[in-house]
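**Q** From first to last, the protein sequence lines are chains W and F.
One point on numbering: in our numbering, the residue at position 208 of the first sequence is 208, and numbering is uninterrupted.
One point on numbering: in our numbering, the residue at position 26 of the second sequence is 26, and numbering is uninterrupted.
Just so you know, these hints were derived from the structure itself, not from any lab.
Be a bit skeptical, because a hint or two may be false.
Once the Cα atoms are required to be at most 16 Å apart in a straight line, the calculated EDC-like pairs of lysine to aspartate or glutamate come out as [to be verified]:
1) W/K57 - W/E36
2) W/K68 - W/D199
3) W/K57 - W/D41
4) W/K78 - F/E62
5) F/K55 - W/D41
6) W/K68 - F/D16
7) W/K78 - F/E65
8) W/K95 - W/D22
9) W/K67 - F/D16
10) F/K42 - W/E66
11) W/K171 - W/D100
12) F/K42 - W/E80
13) W/K78 - W/E198
14) W/K57 - F/E52
15) W/K78 - F/E48
16) W/K57 - F/D16
17) W/K171 - W/E98
Pairwise CB distance ranges (calculated) [claimed, not checked]:
18) F/E52 - W/I9: 51 to 57 Å
19) F/E52 - W/I189: 16 to 22 Å
20) F/K71 - W/S102: 53 to 59 Å
21) W/A23 - F/V67: 25 to 31 Å
22) F/T9 - W/T25: 25 to 31 Å
Where chain W lies over chain F, by a calculated footprint (3+ residues, C-beta under 8 Å) [stated by the list, open to error]:
23) 12-23
24) 45-57
25) 60-74
All residues carry an ideal CB built from backbone N, CA and C; glycine is no exception.
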Amino acid sequence: MIRNSALSIYQLLGAPLKAMIDAETQAALATAEFIERIGFDRSGDETPRDDPAHFGKLRMVTFLHEKKGANGDIRQFKIEVPLLSLIPIPALQIKDAEIDFSILIIDEVKVNENTTSNTNPGETSSEQGIPPPFTLKNLGGEGIREMKGTFGSSSSENSKRNSLEAQMRVKMRLEQADIPAGLGKLFHIMEQNVSVSEDTIKALPEKTK
Amino acid sequence: MQPANPSTTPGVPCPDCNFRIPVTIPMLLMNDAIFCNSCGLKLSIDREQSEEGLKLLQNLNEAVEKVNRVKSNPMEQHQVF
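Extracted from the complex, chain F is given alone in its bound form (with noise of 0.2 Å):
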């Protein structure tokens, strides 16, 4: 197992200490900022500027959701989907 390409992992790239900040999609989601692994700087979620995506973001999840509680029990698939 390589490791990930910093360019490919999902993050932002810390402003201060240029350091790639590992972000995951329920992490947007529930968390009201996100932390520099590196420098500890707080980058707070700019919820209403960015409603449209994080809206998208919600769809997705909730899909992937669905999908991972099928493949956990299948015999769920009728109530899913």
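Pulled out of the complex, with its shape left as it was, chain W reads as follows (with noise of 0.2 Å):
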């Protein structure tokens, strides 16, 4: 039974590193999706949603202030910042992770070393998403061999029973992420599509002293 349910090593470590990775992606395309929603507009936008290229224009939030002009009147401005850079972009990153779990080695196979290695008959690694392990040589100069194992435990209690109820622990620490080099180039568009007009509509009357 535990034969049959074993793993690579290479595939029980290699599951939670890729669930991590899983979780960052999953992350940035939070971070995408809020950028889209949150700072741009499509209403009246005739392209498909679906299209990455087109994520309609700004989002625009608009002020005024009074100004001085040079005859003494005061006229009156409108400047229009985008409004994805007046609030913080959520951007998540996997500081550190910690995994923490113990591996019983149960078996040692041989595979052959001109093909790829596969712990179930039948399932290649490229199915899983895995990229193939390294092996070792086996120092007796019989080709290549592979170790089989299965989540094991350190605790008296859990070993009694099968192995694969042990749990495994992960510690993980998030953070903002870096401004990565795309988001960056996006903060300086913001910057230069802040504009200052002088609002002609509601120009206002000089002030009575």
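Using the hints, build the complex out of the two chains.
**A** Below, the structure is given as structure tokens:
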């Protein structure tokens, strides 16, 4: 039973790593969706919604301020600022992660040097999305050998039971990600899109002293 | 802790002195105006022109408040979601 459910060591080690990469991918997609939904306006945009090259136009927030003109009259100016530059953009990344589990080595199998190593018959590693493992040559000179194992437990209570019941402990620390180059470019575009113009419609009469 | 990058800190560049006026979401939702910390210039928020954006910020702010409430009191989760 245990032998059948055994996986290659690289799979046992690689699965939580792949899960973390998947988690970071999801976080990046969530950031992209946040930017698109909050920062851009697609109303009246005819381009298909699934077109990644078209986000729509930047959503702006308008501010007004008054300034004394050259001849002493008070004039009103309109400042349009991209909404995205007014809010913090959530971009999380895994700062560090600690995966704590013990592995019970239950088997060692000889694999053909010329073929990709498979852990289960009929199941290629590429099907699982995990690249083929590096294997260590047996010093005895009888080809490549690969270890097989399953999750073990260091606790005496659990070691008496099926070792698959052992739990994996994962500690993760998240932090706000450094600004990726693409996001930096977006900030630059937003800076350039701050526009100041005189609000002629709402031009104010000179204030009485 | 490094100082925040001015271009990535949420805010508005002052049109008079170019000082970056820091802005928060509650500030935009609750105040009618923001002031430059350097020259004191008053920037009034045009709520009419910015209605759609402010509505989105209102929704975002409510979601953030809900998450903060659940974080501070996990038992409240059933009532919030």
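**Q** Does each hint hold? Answer for all of them.
**A** Evaluation of the provided hints:
no.: 1; hint: W/K57 - W/E36; verdict: holds (10 Å)
no.: 2; hint: W/K68 - W/D199; verdict: holds (13 Å)
no.: 3; hint: W/K57 - W/D41; verdict: holds (5 Å)
no.: 4; hint: W/K78 - F/E62; verdict: violated (28 Å)
no.: 5; hint: F/K55 - W/D41; verdict: holds (13 Å)
no.: 6; hint: W/K68 - F/D16; verdict: holds (12 Å)
no.: 7; hint: W/K78 - F/E65; verdict: violated (31 Å)
no.: 8; hint: W/K95 - W/D22; verdict: holds (15 Å)
no.: 9; hint: W/K67 - F/D16; verdict: holds (9 Å)
no.: 10; hint: F/K42 - W/E66; verdict: holds (8 Å)
no.: 11; hint: W/K171 - W/D100; verdict: holds (8 Å)
no.: 12; hint: F/K42 - W/E80; verdict: holds (15 Å)
no.: 13; hint: W/K78 - W/E198; verdict: holds (6 Å)
no.: 14; hint: W/K57 - F/E52; verdict: holds (13 Å)
no.: 15; hint: W/K78 - F/E48; verdict: holds (13 Å)
no.: 16; hint: W/K57 - F/D16; verdict: violated (27 Å)
no.: 17; hint: W/K171 - W/E98; verdict: holds (5 Å)
no.: 18; hint: F/E52 - W/I9: 51 to 57 Å; verdict: holds (55 Å)
no.: 19; hint: F/E52 - W/I189: 16 to 22 Å; verdict: holds (20 Å)
no.: 20; hint: F/K71 - W/S102: 53 to 59 Å; verdict: violated (33 Å)
no.: 21; hint: W/A23 - F/V67: 25 to 31 Å; verdict: violated (18 Å)
no.: 22; hint: F/T9 - W/T25: 25 to 31 Å; verdict: holds (27 Å)
no.: 23; hint: 12-23; verdict: holds (count 5)
no.: 24; hint: 45-57; verdict: holds (count 9)
no.: 25; hint: 60-74; verdict: violated (count 1)
Of the numbered hints stated above, those contradicted by the structure are hints 4, 7, 16, 20, 21 and 25, listed in ascending order.
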